[in-house]
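**Q** Listed below, chain by chain, are the residues.
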Amino acid sequence: MPVNMIVCCKQVPDPEAPPAVFKVVSNKMTLPPDVKPVIGQYEEFALEAALKIKDTTGGKITALSLGNNFVRDVIKKSLAVGSDELILLEDEAFDDGDSWSIASALAAAIKKIGEYDLIFCGRQSSDWDAGQVGLGIAEILGIPAVTLARKVEITDGKAKVERVIPDGYQVIEVTLPAVIVVTSGLGALRYATLKGIMAAAKKQPVVWKPADIGLEPAQVGAAGRRVKLEKLFQPVKEGKCEMIEGETPVEAGANLAVKLREAKLL
Amino acid sequence: MAENKGILVIGELAGGKLASITTELLGCGRKLADELKEDLSCLLIGDSVGEASKEAIAFGADKVYVAEHAALKDYQADSYMQAAEKVINDVSPRTVLMGQTSMGRDLAPRLAFRLGTTLTTDCLDLAIDPQTKLLTQTRPVYGGTAQAVFTSEITPQMVTVRTKAMSPLERDDSRKGETIPVKIDIDASKVRTKILETVKEEAVGIKLEDAPVIVCGGRGLGGPEPFQTTLKELADLLHGAVGASRPPADNGWVPEALHIGLTGKIVAPDIYIAVAVSGASQHTAGCTGSKHIIAINKDPEANIFREAEFGVVGKYEEVVPALTNKLKELLAA
Ligand SMILES: Cc1cc2nc3c(=O)[nH]c(=O)nc-3n(C[C@H](O)[C@H](O)[C@H](O)COP(=O)(O)OP(=O)(O)OC[C@H]3O[C@@H](n4cnc5c(N)ncnc54)[C@H](O)[C@@H]3O)c2cc1C
Ligand SMILES: Nc1ncnc2c1ncn2[C@@H]1O[C@H](COP(=O)(O)O)[C@@H](O)[C@H]1O
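Sequences listed follow chains A and B, in order. Sequential numbering of the first sequence, starting at 822, is according to my numbering. Sequential numbering of the second sequence, starting at 215, is according to my numbering.
Hint data in this document are derived by calculation from the structure and do not stem from the laboratory. Don't take every hint at face value.
Unchecked claim - Under the rule of at most 25 Å between Cα atoms (straight-line distance), these lysine-lysine pairs were calculated in the DSS-like manner:
no.	chain 1	residue 1	chain 2	residue 2
1	A	K972	B	K408
2	B	K540	B	K512
3	A	K1049	B	K219
4	A	K1049	B	K408
5	B	K414	A	K972
6	B	K446	A	K1085
7	B	K540	A	K979
8	B	K542	A	K1080
9	A	K1080	B	K446
10	B	K404	A	K875
Make a model of the complete structure from these sequences and hints.
**A** Shown next, in the form of structure tokens:
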């Protein structure tokens, strides 16, 4: 059975950029222009989960991204690694949404796509870290969801999912269609091949506006929010690390032991 | 529609007792409820809740709703949802508190969307705004490089709280409260998942969450071996546990259960020794509650030195054995 898959990928500021480059300016996070955005880490894992199913079972992968001002070569990475289609919900009106407005718009787009067996999301976006949108989509579409998945297989028209729990894992069987919320541990996203990159360069993403998914601008983005952001701030931290030195690293290690004893920590 | 009032904690059990996160939620919920002059309730779900309802009262609840059913033995979203949705609708609280735990992460967003309300996950601080009476919900964002304060005007509204962020009240068994059994039918046809197998992967030795000392290794260790030798030797000497940043867990060098950080375990030991960990904000999110952080890294610019109290710049292969040997000597003296 070829499986129809949708992977929800968000474009985010690079979460691995040094913490010092993240600056809040009038309640917004800003980064220097030379820090290029990326596809969120858990969405990369979600893409890899879908690609593994495509490898073994066969199927079609549609990448779906909501935002504004997508950097084309960043967001097209989903195509370059092996997705078949890229749909962008791209409009100013989609700016500054919350979990509610984002999940509602993604669910509306998924309904329009129509055919889906598995919808993959990351466990949390690499900017706001909310961890809600995948489950929100499942609730809106009225389909089951399994979270914290680190392995997914399709057998007999059902998905078998390894779900991480605090002291191990569970193997869960779920009926299709289903939302799978992916965590880490299934392996990094594969590299794009040269062929993949060239094919992606030629392919144009489909762009949908709010009206294309049957929503008013007032229902999406900032206008469709349900939680109000009162304030965004950066707690000040005073670095006060005492560096323990020595002639050699070995000596420094021994000096650290002496210091910890003196400070009565151990 | 009736006015939504009071705070409802959705509790969790661990080994037949109230989980520590639930005592933390009751501590925080009690304060909020007192400020609002409203009730604090607690919902406990399971096949048999036993003495935990009494515990919930001793830790601050005015009312404990007990939803017991054979089908609620193991957590499964589709069955637990039925119990939680019913009780929230019956009780109409103003705010529902859950832990940012395995269960909270899985259940709270579903409930919020099902009920058409808002959820703020992973909160570190909750307070009542004196002017608006709204609940201000503060949570880290951007991996912990910033914090955001949210409010919502919708009730009931939901919040999940990070483990170890709130303090429980002193247990007081003389506290009075009411236990209310909830009659609940679980519609099995609505349960679309099936647990085929549960596999424990816990490492042997002291549990990470309980260890007074944690020696945490990062990607800079290069493979599984140093976790079992260099780090373990130091941890054993200090009666502590070995932990890891995410890459070692992702690479299978250590079990996932040792992964510390925003998406792993949140720990707060007396002493946290970070070895070859760069100190990404998503990692330090899981250990900033430690009393003393010590960092060993070959890169003097590594961010972990901004979080640490003591640091050594050098290769772990040289620094850590020297530290262990000298400590052995000093501790024996
Ligand atoms: C949404 C999200 C959630 C995340 N959640 C988590 C989480 O919960 N926990 C987590 O840890 N990460 C998490 N991450 C990943 C995080 O951003 C970092 O990628 C990760 O913490 C880096 O791990 P590390 O410090 O071990 O590796 P690196 O950043 O690669 O650092 C390795 C360090 O080792 C040092 N080193 C190398 N060799 C030696 C040597 N011989 N001796 C001494 N030092 C040496 C290097 O100088 C370097 O500082 C998350 C990321 C995102 C986007
Ligand atoms: N703007 C977006 N575009 C596409 N997918 C998204 C978007 N926002 C969130 N998601 C998906 O939902 C997951 C969880 O996001 P969040 O609830 O924001 O933490 C992400 O890992 C993505 O898979």
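**Q** Look at each hint and say if it fits the structure.
**A** Right, here's what the structure says about each hint:
1. For the proposed pair A/K972 and B/K408, the alpha carbon gap of about 16 Å is at most 25 Å, so the pair holds.
2. Distance restraint check for B/K540 and B/K512: the Cα-Cα separation of roughly 20 Å lies within the 25 Å cut-off, and the hinted pair is therefore satisfied.
3. With a C-alpha separation of about 21 Å, the suggested pairing of A/K1049 with B/K219 holds against the 25 Å cut-off.
4. Proximity of A/K1049 to B/K408 is assessed by CA-CA distance (about 37 Å); at most 25 Å being required, the pair is judged violated.
5. With a C-alpha separation of about 16 Å, the suggested pair B/K414 and A/K972 falls inside the 25 Å cut-off, and the hint holds.
6. With a CA separation close to 22 Å, the supplied pair B/K446 and A/K1085 stays within the 25 Å bound.
7. Between B/K540 and A/K979 the alpha-carbon distance is near 57 Å, which puts this suggested pair outside the 25 Å criterion.
8. The hinted pair formed by B/K542 and A/K1080 meets the criterion: a straight-line CA distance of about 14 Å does not exceed 25 Å.
9. With a CA separation close to 21 Å, the supplied pair A/K1080 and B/K446 stays within the 25 Å bound.
10. The hinted pair formed by B/K404 and A/K875 fails the criterion: a straight-line CA distance of about 29 Å is larger than 25 Å.
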